[in-house]
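Dock chain F against chain G, hints included.
Order-wise, the sequence lines are chains G and F. Numbering-wise, the first sequence is residues 18 to 516 according to this note's numbering. Numbering-wise, the second sequence is residues 1314 to 1804 according to this note's numbering.
Among the hints, a few may not be true.
What the hints assert, rightly or not - If we take Cβ atoms under 10 Å as the criterion, some of the chain G residues that face chain F in the derived model are:
id : residue
1  : L73
2  : R107
3  : F111
4  : E174
5  : D307
6  : Y308
7  : P312
8  : E313
9  : D315
10 : L316
As the list claims (entries may be wrong) - Once the Cα atoms are required to be at most 27 Å apart in a straight line, the calculated DSSO-like pairs of lysine-lysine come out as:
id : chain 1 : residue 1 : chain 2 : residue 2
11 : G       : K480      : G       : K502
12 : F       : K1583     : F       : K1607
13 : G       : K108      : F       : K1676
14 : G       : K108      : F       : K1700
15 : F       : K1408     : F       : K1676
What the hints assert, rightly or not - Label pairs and their calculated CB-CB ranges:
id : chain 1 : residue 1 : chain 2 : residue 2 : range
16 : F       : Q1697     : G       : A400      : 52 to 62 Å
17 : F       : T1703     : G       : D26       : 53 to 63 Å
18 : G       : T306      : F       : R1646     : 20 to 30 Å
19 : F       : G1412     : G       : N96       : 48 to 58 Å
20 : G       : Y25       : F       : S1658     : 38 to 48 Å
21 : F       : R1677     : G       : Y25       : 50 to 60 Å
22 : F       : P1556     : G       : D223      : 31 to 41 Å
23 : G       : T306      : F       : E1668     : 43 to 53 Å
Keep in mind the hints are simulated off the structure, nothing from the lab. Using N, Cα and C, we set each Cβ at its ideal position, and we do this for glycine too.
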Amino acid sequence: MTTTLPAYDEVVARYEPVIGLETHVELGTNTKMFCGCPTDFGGEPNTRVCPVCLGLPGSLPVANKAAIEATIRIGLALNCSIADWCRFARKNYFYPDMPKDFQISQYDEPLCADGYLDVEVGGELVRIGIERVHLEEDTGKTLHVGGATGRIHGATESLVDYNRAGIPLVEIVTRPVPGTGALAPEVAKAYVTELRDVLRSLGVSDVRMEEGSLRCDVNTSLNLPGEEWGTRTETKNVNSLRSVERAVRSEILRQASVLDAGGRITQETRHFHEDTGDTTPGRSKETATDYRYFPEPDLVPLAPDTAWVAELKAALPELPRLHRRRLQEQWGLSDLDMQSVLNAGAVELIEATVAAGTTPAAARKWWLGELSRRANETGVELADIGATPAQVAELQGLVDAGKLNDKLARTVLEGVVDGEGSPTEIMTNRGLEVVSDTGALTAAVDEAIAANPGIADKIRSGKVAAAGALVGAVMKATRGQADAKTLRDLILERLGVQG
Amino acid sequence: MTDLTRMTATDLAGLVAAGETSAVEVTRAHLDRIAAVDDRVHAFLHVDTEGALAAARAVDERRAAGEELGPLAGVPVAVKDVLTTKGVPTTVGSKILEGWRPPYDATIVQRLRAAGTVMLGKTNMDEFAMGSSTEYSAYGPTHNPWDTDRIPGGSGGGSAAALAAYEAPLAIGSDTGGSIRQPGAVTGTVGAKPTYGGTSRYGLVAFSSSLDTPGPCARTVLDAALLHQVIGGHDPRDSTSIPQPVPDVVAAARQGATGDLTGVKLGIVKEFTGEGAEPGVMAAFRDAVDTLAKLGAEIVEVSCPHFRYALPAYYLIAPSECSSNLARFDGVRFGLRVGDDGNRSLEEVMSLTREAGFGAEVKRRIMVGTYALSSGYYDAYYGQAQKVRTLITRDFTTAFEQVDALISPTTPFVAFPIGARTADPYQMYLADLFTIPTNLYGGPGISVPCGLSEGLPVGLQVMAPTMADDRMYRVAAALESVVGTFTPPAL
Chain G
18 MTTTLPAYDE
28 VVARYEPVIG
38 LETHVELGTN
48 TKMFCGCPTD
58 FGGEPNTRVC
68 PVCLGLPGSL
78 PVANKAAIEA
88 TIRIGLALNC
98 SIADWCRFAR
108 KNYFYPDMPK
118 DFQISQYDEP
128 LCADGYLDVE
138 VGGELVRIGI
148 ERVHLEEDTG
158 KTLHVGGATG
168 RIHGATESLV
178 DYNRAGIPLV
188 EIVTRPVPGT
198 GALAPEVAKA
208 YVTELRDVLR
218 SLGVSDVRME
228 EGSLRCDVNT
238 SLNLPGEEWG
248 TRTETKNVNS
258 LRSVERAVRS
268 EILRQASVLD
278 AGGRITQETR
288 HFHEDTGDTT
298 PGRSKETATD
308 YRYFPEPDLV
318 PLAPDTAWVA
328 ELKAALPELP
338 RLHRRRLQEQ
348 WGLSDLDMQS
358 VLNAGAVELI
368 EATVAAGTTP
378 AAARKWWLGE
388 LSRRANETGV
398 ELADIGATPA
408 QVAELQGLVD
418 AGKLNDKLAR
428 TVLEGVVDGE
438 GSPTEIMTNR
448 GLEVVSDTGA
458 LTAAVDEAIA
468 ANPGIADKIR
478 SGKVAAAGAL
488 VGAVMKATRG
498 QADAKTLRDL
508 ILERLGVQG
Chain F
1314 MTDLTRMTAT
1324 DLAGLVAAGE
1334 TSAVEVTRAH
1344 LDRIAAVDDR
1354 VHAFLHVDTE
1364 GALAAARAVD
1374 ERRAAGEELG
1384 PLAGVPVAVK
1394 DVLTTKGVPT
1404 TVGSKILEGW
1414 RPPYDATIVQ
1424 RLRAAGTVML
1434 GKTNMDEFAM
1444 GSSTEYSAYG
1454 PTHNPWDTDR
1464 IPGGSGGGSA
1474 AALAAYEAPL
1484 AIGSDTGGSI
1494 RQPGAVTGTV
1504 GAKPTYGGTS
1514 RYGLVAFSSS
1524 LDTPGPCART
1534 VLDAALLHQV
1544 IGGHDPRDST
1554 SIPQPVPDVV
1564 AAARQGATGD
1574 LTGVKLGIVK
1584 EFTGEGAEPG
1594 VMAAFRDAVD
1604 TLAKLGAEIV
1614 EVSCPHFRYA
1624 LPAYYLIAPS
1634 ECSSNLARFD
1644 GVRFGLRVGD
1654 DGNRSLEEVM
1664 SLTREAGFGA
1674 EVKRRIMVGT
1684 YALSSGYYDA
1694 YYGQAQKVRT
1704 LITRDFTTAF
1714 EQVDALISPT
1724 TPFVAFPIGA
1734 RTADPYQMYL
1744 ADLFTIPTNL
1754 YGGPGISVPC
1764 GLSEGLPVGL
1774 QVMAPTMADD
1784 RMYRVAAALE
1794 SVVGTFTPPA
1804 L
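The shape of chain G in the complex, shown without the other chains (with noise of 0.2 Å):
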């Protein structure tokens, strides 16, 4: 079946969309959830189990009290209620990658409740409600092995790795967020590129997406101005922050065009696809597993001491957005070039670079110039280029004490970035250091005089701005290891001419 798409901008005057989103955060705290397993990323498959994440009869999971920290202070983050008691509960389905054939999970007694997080979008605020934060257990994986697809479907085997079963897994879930318009898409993304700040500084998980230890799905349902909402679809498979955006816009549009067309709106799961951009319908919703949810009576109810959950919030770093601001304040930067900022994933590698005592100028100038340009290049994140921002603050150090110039600078992070050592050793070992040495520079000078007698005489004339020439022998002459300045002083003094 073939549809043409309408336009995004005609659907969105017509259609109301409502979206809304669950969020799963992978935690690092350095055990699992219920035993004492390591939980790095990789390593070969099952070996990173024991009698308990590997669901053996007779095993029994005991809590691990930072996994419930950390989710106490993700919930303190987002502005919600922490329950002062809450427990676990099983959540009941057969899945060969779910070792005990229950998830344990949390049902109607989530850890912490009615929040709400901040997100900017087009310079407003928007607040998007969030329902709950509870604490789980991830699965394993299912490895389907002999089809085309890697998927279950024309496999011949399939094999599962219980190394990632257990791993503390936070779900975030928002409320429904309507009246965001043709801006829902943007909303979303920009609610789940917050979330992922607030989690970075929280330092609770390394949240990559692309890894899965940040893992969203996505609800979207349309319905006409001044009626009820519509029928939500679920969208998963969602690994970036770009996908976020997509899926939403993808399924506004999907979703349009089967109610242009008088069809109705299938409550079900759908796949998401980075290559096309499209969704595909996954399981249906509409005959619901039901998982049977009881409180795990193997657990304890958790009753978190309100005096630790004081402690907990008066520690809490300050919000990535309210930092932002302060930063962008402090830098004395317009919005614009804050956004540019953002944009390369700066903000902290700048605000580390002066806190080693850069200015901000001369940091933003690195980092946003040079080192930008070599990561657009080379394709990686900015924070992985190679430089620290150590060595960019020692790098504008040595220029402050005139030891390197602008350009024998960018020489030298040039070194830095493909690992020959510090700004200095580079220097040093590639005798790149301005030549200060006043005889020695005297001299070049009076050699270039000699050689442009031409030049000379203007400059003599009272046509100093001819200075530049000469300045460029002499650069050429010392491989470009002299303060320009020093040497146009030094060129005029010789030449006998008033600067």
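Chain F only, in chain G's frame:
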């Protein structure tokens, strides 16, 4: 020479410690006894001859090296097949785990090993501890040493029969609705269900997590107390384990053995003395009550009005939890796998495995529990049963404001003939009528032999407040000091 198999654990440990016999000799005597009688009793599913002898030799070597030995060092113990034993088959009485050798020891098994006891093997049980006669074992029934045509109780009939047949002086059981106490009662042995959380469940293959309680079985109250002391106490691997020391049950048993119950107030549960129990059981119970009174105990009658709802509440809670606990037996990671021929779907293989691996009673309870937890029925069944549980707990706490401990017959009837109650599940469920309330409350209970009815043993149950396990040992030991122990006819 004295028959080592007829001695108490206390005496055996004393002989080993004094060097008058060795742990190896004690162990061989019991292995020989098993070889001689277990074809008629079928108490054991697996006898670990090599492991037992190795453990016994280790004890003898430690003694020879002058090491201090624990109070039960060198004493053989039979372990119900519900506890995981590293490298030793653990079946839970089910075909679905046939051949499974766990890679780890249950905490209780670790503690037994650390104490120098010698594990003889694994005892028979109703499949997944669901039953009251051991007839629901997938490996055939255990026979009561008092009359091999009769049941030894259940689910821990293997452990109780091993004691009564002198195949072991000590045994471990697990009690979800009476599976330690009821077999104790019908085999004339002692069985104690500790306070829930007083003994670790780590490594106990779960039937009903909120009720399962492992505990000691023995032929005397003091032996049970010594075993309780060894296996009990906090375990960080079980989050429902109570972080407090075990009450001094050994001292309490010794105190009780003096035969003085002055100042102890006992309550007879009124609801358990009416119809429901056999006349012979009631007669033996009444005699025991008179004995307790003569020992100085003050006896009053106490009403626990909600106990009558215990059985229906239990048969919603336990199956609900079991329907979830038993989900993991799906043929994917361990145990039986049926139908994996490369053509069938995963779902089909799971179904075929469970169809072939579980017995009828287990399936019945999984189905009841699945239904009770279903959306739309949860409140009416599981939710309602939890409310009843709260009311029963309140009955106990109210009663314990008036009395130190409650007493009742352990089970309404003496050992019944094999096959007599398998046709009607409800008739089987009635065996646990008097023991189930304790499990729902979470307190401790003990069954101690109190007499005979038609030549078969009758047990008296003592129920105490949570973490007051010592009280029931005192009362039980006092009764034992008068009525003595009971010896079945020769096999």
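Q: Given the hint that K108 of chain G pairs with K1676 of chain F, test it: the Cα-Cα distance must not exceed 27 Å.
A: holds (20 Å)
**Q.** Restraint satisfaction for F111 of chain G [CB to CB of chain F, less than 10 Å]
**A.** Cβ of F111 of chain G sits 6 Å from chain F, so the hint holds.
Q | Proposed interface contact between R107 of chain G and chain F, which counts if any beta carbon pair is under 10 Å | A | With Cβ-Cβ at 5 Å, under 10 Å, it holds.
Q) Would the stated hint for D307 of chain G survive a check requiring a Cβ distance to chain F of less than 10 Å? A) holds (5 Å)
Q. So the hint says 53 to 63 Å: do the beta-carbon atoms of T1703 of chain F and D26 of chain G match that?
A. holds (60 Å)
Q. Minimum Cβ distance from E313 of chain G to chain F below 10 Å?
A. holds (8 Å)
Q. Honestly, do T306 of chain G and E1668 of chain F meet the 43 to 53 Å range at C-beta?
A. violated (21 Å)
**Q.** Restraint satisfaction for Y308 of chain G [CB to CB of chain F, less than 10 Å]
**A.** holds (8 Å)
Q) Can L316 of chain G be said to touch chain F, with a Cβ gap under 10 Å? A) holds (5 Å)
Q. Okay, R1677 of chain F versus Y25 of chain G on CB: inside 50 to 60 Å?
A. holds (57 Å)
(Q) Next item in the hint list is D315 of chain G. Is there a CB on chain F closer than 10 Å to its CB? (A) Holds. Min distance 5 Å.
Q: Look at the Cβ atoms of Y25 of chain G and S1658 of chain F and judge whether their distance stays inside 38 to 48 Å.
A: Taking Cβ atoms as reference, Y25 of chain G and S1658 of chain F lie about 41 Å apart, which means the hint holds.
Of the hints listed earlier, the one the structure fails to meet is number 23.
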